[in-house]
Amino acid sequence: MRYARALVMALLAIGGAAGAGCKDKEPEKAAPQTAETKTSAAPASDTIVIGHVGSMTGNEATFGQSSDNGMKLAVEEQNKKNGIKGKKIVLKTYDDQGKPEEAAVAATRLVTQDKVLTFLGEVSSSRSIAMGPVADSNKIPMISNSSTNPKVTKDGDKTRPFVFRVCFIDPFQGTVMAKFAAENKKWKKVAILRDVGNDYSVGLANFFTETFKKLGGDIVDDVSYKAGDQDFKAQLTKLKSKGAEAFYVPGYYTDVALIARQAKELGIKVPLMGGDGWDSEKLYEISKGALDGSFFSNHYSPEDTSPQVKDFIAKYKATYNSVPDAHAVLGYDAANVAFHAMETAKELTGPAIREEVEKTKDFPGVSGKITLNKDHNADKPAVVIGIEKNAPKYAATISP
Amino acid sequence: MTEFLQHLVNGLSVGTIYALIALGYTMVYGVLKLINFAHGDVYMVGAFAGLYISRGLGVDQEPSLAKAGVVFIGAIVICAALGVAIERFAYRPLRQRARLTALITAIGVSFLLEYGFQLPPVIDGEVPFPPGPTPRFFPEPFARVDFEPFGVHISNYDIVSLVVAVGFMLALQYIVYRTKFGTAMRAVSFDASVAGLMGINVNRVIVWTFALGSGLAAAAAILVAGSRPSINPLLGLLPGIKAFVAAVFGGIGNVQGAMVGGLILGLSEEYVAGYLLSSYRDGIAFALLIIVLLWRPEGLFGRVRAEKV
Chain A
1 MRYARALVMA
11 LLAIGGAAGA
21 GCKDKEPEKA
31 APQTAETKTS
41 AAPASDTIVI
51 GHVGSMTGNE
61 ATFGQSSDNG
71 MKLAVEEQNK
81 KNGIKGKKIV
91 LKTYDDQGKP
101 EEAAVAATRL
111 VTQDKVLTFL
121 GEVSSSRSIA
131 MGPVADSNKI
141 PMISNSSTNP
151 KVTKDGDKTR
161 PFVFRVCFID
171 PFQGTVMAKF
181 AAENKKWKKV
191 AILRDVGNDY
201 SVGLANFFTE
211 TFKKLGGDIV
221 DDVSYKAGDQ
231 DFKAQLTKLK
241 SKGAEAFYVP
251 GYYTDVALIA
261 RQAKELGIKV
271 PLMGGDGWDS
281 EKLYEISKGA
291 LDGSFFSNHY
301 SPEDTSPQVK
311 DFIAKYKATY
321 NSVPDAHAVL
331 GYDAANVAFH
341 AMETAKELTG
351 PAIREEVEKT
361 KDFPGVSGKI
371 TLNKDHNADK
381 PAVVIGIEKN
391 APKYAATISP
Chain B
1 MTEFLQHLVN
11 GLSVGTIYAL
21 IALGYTMVYG
31 VLKLINFAHG
41 DVYMVGAFAG
51 LYISRGLGVD
61 QEPSLAKAGV
71 VFIGAIVICA
81 ALGVAIERFA
91 YRPLRQRARL
101 TALITAIGVS
111 FLLEYGFQLP
121 PVIDGEVPFP
131 PGPTPRFFPE
141 PFARVDFEPF
151 GVHISNYDIV
161 SLVVAVGFML
171 ALQYIVYRTK
181 FGTAMRAVSF
191 DASVAGLMGI
201 NVNRVIVWTF
211 ALGSGLAAAA
221 AILVAGSRPS
231 INPLLGLLPG
241 IKAFVAAVFG
251 GIGNVQGAMV
261 GGLILGLSEE
271 YVAGYLLSSY
281 RDGIAFALLI
291 IVLLWRPEGL
301 FGRVRAEKV
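Heads up: the sequence lines are chains A and B, in that order. Residue numbers for the first sequence follow full-length UniProt numbering, so the first one is 1 and each next one is one higher. Residue numbers for the second sequence follow full-length UniProt numbering, so the first one is 1 and each next one is one higher.
In short, the hints are calculated from the structure, not lab data. Ideal placement from N, C-alpha and C gives every residue a C-beta, glycine not left out. A couple of the hints might just be wrong.
As the list claims (entries may be wrong) - Mimicking DSBU-like on lysine-lysine, the simulated pairs with C-alpha atoms at most 35 angstroms apart in a straight line are:
| hint | chain 1 | residue 1 | chain 2 | residue 2 |
| --- | --- | --- | --- | --- |
| 1 | A | Lys80 | A | Lys310 |
| 2 | B | Lys67 | A | Lys226 |
| 3 | A | Lys389 | B | Lys33 |
Stated by the list, open to error - Ranges of calculated distance between the beta carbons of each label pair, as one might list FRET restraints:
| hint | chain 1 | residue 1 | chain 2 | residue 2 | range |
| --- | --- | --- | --- | --- | --- |
| 4 | B | Phe111 | A | Glu281 | 24 to 34 angstroms |
| 5 | B | Pro128 | A | Lys374 | 25 to 35 angstroms |
| 6 | B | Gly283 | A | Glu183 | 33 to 43 angstroms |
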């Protein structure tokens, strides 16, 4: 009898402790990962919640931050115009720390807990590829702002019905740089240094190789590194001896800046070339002039004199006190494409909005006219940016 | 030939770093038979300690040799204190338990440091604390000067790193084999309980071993961060594992073994990436370990010690 009572007491104690433990832990768990822009989280009927998954911290932190700034600007403007169908828009941003697995978790959370009608993101292709299945299986449209790998909107050979993007894709971006190297610069020998663990970098390197060879160029060597490496001197020393006229380094800005510094330290004087993953003010801050004379392909140039671009730059500067990079522009465009689709949609449900996003045609974005093709990609011209005196300078525009 | 020599220079500069970190692994193993998996993260903390001190001194505005010295010594002291704290609070309470318990605790401490440093900031500032997962940029502690003998590029950073690293290794060699403390250390390593009976303060020897090893890790971190300026909380992961490989490769528990192991690992990585396949750069570290362990399970310099029953 005494044992029985003791047992009951013990069970109660354990149960109580466990319950208390759970209660204590839950808010703690939820708190650190959210980086909300608006605190009113409840999807009340007079608001529309849209989501953003971005790398607010981590190796590519400026990608997420710029995109988020662009999106916030778009939301603010739309809310001033009385929102969508009279409802205020609330932007909910989650940080994925630059990790694909976190991006998938964040997307799932936006869809299942925050009940978003559309979500935007990511800049990195590896992370967007991880998010795509979430959009499809929950029938909520996803609009990627700057992911350029073809696989983002594809599920094998099929196009993912709910995944879209407002930027061009890598076969085009790789071609642009290959054309620029072969035709504008008349380079014959190029060496490649790619990030093997990154879908974006591998894709760009392959498409560049294909076109450059077709144009009569020669890829003298093709070596690889891994994102987050500290030392690139082994690869660079190897490439130095191959007599290349330029190196193609389609990576992200943190690694590229370190690569450029170490190349300079090894006495390598040839220019580097890259893609839109270079576009961050941190690139200049870290490389400290080591990239002078280099070129990268991008979605827009702040030197563009069209009224739309000028207007956007002025607004952005007034709010954030800096010149927007391409990811800010594409974040703004992605949000506006989503708003336009929501306004024209018959009802505010995922599938209805999806129908409208798919119809996007000649939408006047800051990065150019956006028309989504049957693969859900935008066909737009690319610009080539040169780096002079540690600052970006417009070099050329290349059309599809 | 120039290319070969350039790889040699690069390999030595990476190898000395591995060697410095490997020394910490090997010393702790020698004394406690514990593989201190948190050691790579102590190295990471060393880099951040250096960064905070540099910020405090304003090294990025006005670098000077004196400030570089303060950064260097400061980081070493902070890490030595961290090493002592880890030993006191994480390992000592478990010292009489099964060895596996301490090993798992070491992995736990490693995660605590890696993910603790990625938490949202508590103290705000230009570089907040904890710093979060965004990479931070380490200011150059002194101006870079490049030399170019025979077409091989060497900077004053490479030379300073090599001199400091070799200096530390020689000093350690002296401490372990020529001083009273070193004798005590070797005695504890041979048999802790008997050493205790002979009047050696075992706890004090262990504490100093941790302090020394962690200080060396901090020195390595500052040498790396000075010339490869991007640092983040997961910085210690790969160098930590590779230095562990270097220590096992040289014969874990053996001081010369760790030095030679680190240098061989750095050089082989460099030559594999330079002449064979760059994507196998990290793989080579582990391939080397497997080959050496198949051929000499005790490592290059290790001695087989009969298990006492």
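A quick look at each hint next to the structure:
| no. | hint | result |
| --- | --- | --- |
| 1 | Lys80(A) x Lys310(A) | 21 angstroms, holds |
| 2 | Lys67(B) x Lys226(A) | 33 angstroms, holds |
| 3 | Lys389(A) x Lys33(B) | 55 angstroms, violated |
| 4 | Phe111(B) x Glu281(A): 24 to 34 angstroms | 33 angstroms, holds |
| 5 | Pro128(B) x Lys374(A): 25 to 35 angstroms | 47 angstroms, violated |
| 6 | Gly283(B) x Glu183(A): 33 to 43 angstroms | 39 angstroms, holds |
Consistency with the previously given hints fails for numbers 3, 5, ordered from lowest to highest.
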